[in-house]
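Produce the complete structure using the sequences and hints provided.
Residue numbers (the working numbering), protein chains in the order written: chain A, 458 to 527; chain B, 458 to 527; chain C, 458 to 527; chain D, 458 to 527; chain E, 458 to 527; chain F, 458 to 527.
Hint data in this document are derived by calculation from the structure and do not stem from the laboratory. Incorrect hints may have been included.
Said to hold, decoys possible - Taking lysine-lysine pairs in the DSS-like style, the calculated list, with each CA pair at most 25 Å apart, reads:
id, chain 1, residue 1, chain 2, residue 2
1, D, 483, D, 507
2, E, 507, E, 483
3, E, 525, F, 511
4, B, 475, F, 483
5, E, 511, C, 525
6, F, 483, F, 511
7, D, 475, D, 525
8, B, 507, D, 475
9, C, 471, C, 525
10, A, 483, D, 525
11, B, 525, A, 525
Below are the chains, spelled out letter by letter.
There are 6 protein chains.
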Amino acid sequence: MPLSARNRMRGVVKAVEKGEVAAQVKIEISGPATLTAMITKEAVEELGLKKGDKVEAVIKATEVMVSKGE
Amino acid sequence: MPLSARNRMRGVVKAVEKGEVAAQVKIEISGPATLTAMITKEAVEELGLKKGDKVEAVIKATEVMVSKGE
Amino acid sequence: MPLSARNRMRGVVKAVEKGEVAAQVKIEISGPATLTAMITKEAVEELGLKKGDKVEAVIKATEVMVSKGE
Amino acid sequence: MPLSARNRMRGVVKAVEKGEVAAQVKIEISGPATLTAMITKEAVEELGLKKGDKVEAVIKATEVMVSKGE
Amino acid sequence: MPLSARNRMRGVVKAVEKGEVAAQVKIEISGPATLTAMITKEAVEELGLKKGDKVEAVIKATEVMVSKGE
Amino acid sequence: MPLSARNRMRGVVKAVEKGEVAAQVKIEISGPATLTAMITKEAVEELGLKKGDKVEAVIKATEVMVSKGE
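What follows is the structure, encoded as structure tokens:
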């Protein structure tokens with residue numbers, strides 16, 4: 458794994474919604490969870506992201522928060 | 458769910474490593490995946506995070522990247 | 458406080474502007490300051506954010522910069 | 458204001474804690490709130506940050522989350 | 458330099474594309490590289506960003522990842 | 458390019474400084490600029506980052522700010 462980002466999760470694109478500049482990608486990861494990514498529309502188009510694609514969600518460790526308790 | 462952050466994943470704290478200011482928390486989420494969070498040591502202490510705690514990893518959608526292809 | 462994010466500021470929603478994917482929320486916090494958040498439109502709709510809502514702005518410590526001098 | 462970051466809050470440095478690489482700065486902003494920033498130790502030293510300094514906390518809008526409800 | 462953000466790169470605005478809320482700014486930095494920034498449309502308008510403007514890209518150190526190998 | 462992050466800059470590692478949890482990596486990119494990354498010490502060790510390594514700095518577009526004027 459050549460990138461310093463600590464977190465990678467395999468999943469499948471469930472939905473891609475493009476705005477004029479931003480885009481939202483829903484990724485179904487193993488188990489019941491779904492991840493939401495807000496990335497540039499440009500990235501969606503360059504990667505050719507579409508429903509059904511096998512992808513990885515990549516997240517830098519400094520961006521992960523922890524919640525505990527009710 | 459009262460927070461705008463789109464992503465929450467339930468998991469169990471596997472390891473907590475504290476530096477002087479930063480701290481690293483490993484969270485085993487369902488399936489084989491493990492998430493790494495870099496948060497303040499202060500947060501680790503206020504939440505009393507320790508191995509075995511049931512927690513949620515919380516991630517804002519703007520922080521999630523997507524990787525596709527090999 | 459169950460979330461590791463170190464910063465919470467109470468305020469009132471002053472304006473919500475939705476794009477197709479992104480949304481901008483203006484939050485008047487105590488004092489003359491106003492905070493701007495760019496979050497997903499989906500989050501705005503799930504939280505039902507509208508002008509006048511009492512909310513909290515939540516910010517992870519790793520995202521705060523410090524400026525000093527003129 | 459020459460920076461695109463939407464959020465600036467004036468405050469006073471209450472505490473600086475340096476790790477080996479990271480550093481934590483507590484900033485008392487007007488009202489009862491205190492902000493926590495995790496920045497590089499290098500930045501703390503280049504800015505000469507110390508208790509009592511008048512500073513501004515600067516936060517990009519994409520990093521602000523919104524919490525609503527109890 | 459009064460801001461704790463560690464990274465500044467001088468460049469020239471090559472393109473500005475505005476969505477309803479978000480905006481994308483392409484910055485040609487010295488050498489062949491081009492940086493892409495996603496910021497609020499509001500910031501684009503307040504700074505009056507347009508093609509040909511001399512600007513600086515500013516990036517907090519906690520947001521920079523490192524990739525190595527093929 | 459398989460990752461949605463819009464920004465990649467080739468460079469050479471100039472310095473690596475490890476704390477207990479965080480680590481700072483200085484990357485000399487082409488031209489006179491140097492980038493600073495704060496990443497986990499774990500990532501530094503897994504990538505085997507050391508002075509002289511050819512690397513890329515990778516930055517998500519939502520993390521880039523723009524500064525204009527004096």
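Here's how the hints hold up against the structure:
Distance check on the hinted pair: residue 483 of chain D and residue 507 of chain D sit about 10 Å apart at the alpha-carbon level, within 25 Å; holds. Proximity of residue 507 of chain E to residue 483 of chain E is assessed by CA-CA distance (about 10 Å); at most 25 Å being required, the pair is judged to hold. Simply put, residue 525 of chain E and residue 511 of chain F have alpha-carbon atoms about 7 Å apart, close enough for the 25 Å limit, and the pair holds. Pair hint residue 475 of chain B plus residue 483 of chain F holds up; C-alpha atoms about 23 Å apart against a cutoff of 25 Å.
With a CA separation close to 23 Å, the supplied pair residue 511 of chain E and residue 525 of chain C stays within the 25 Å bound. Simply put, residue 483 of chain F and residue 511 of chain F have alpha-carbon atoms about 12 Å apart, close enough for the 25 Å limit, and the pair holds. About 34 Å separates the Cα atoms of residue 475 of chain D and residue 525 of chain D, which puts this hinted pair outside 25 Å; it is violated. About 23 Å separates the Cα atoms of residue 507 of chain B and residue 475 of chain D, which keeps this hinted pair within 25 Å; it holds.
Proposed proximity of residue 471 of chain C and residue 525 of chain C is contradicted: the alpha carbons are some 29 Å apart, above 25 Å. Between the alpha carbons of residue 483 of chain A and residue 525 of chain D the distance comes to roughly 23 Å, so the proposed pair stays at or under 25 Å and holds. Between residue 525 of chain B and residue 525 of chain A, the direct Cα distance comes to roughly 32 Å. Violation of the 25 Å bound is thereby established for this hinted pair.
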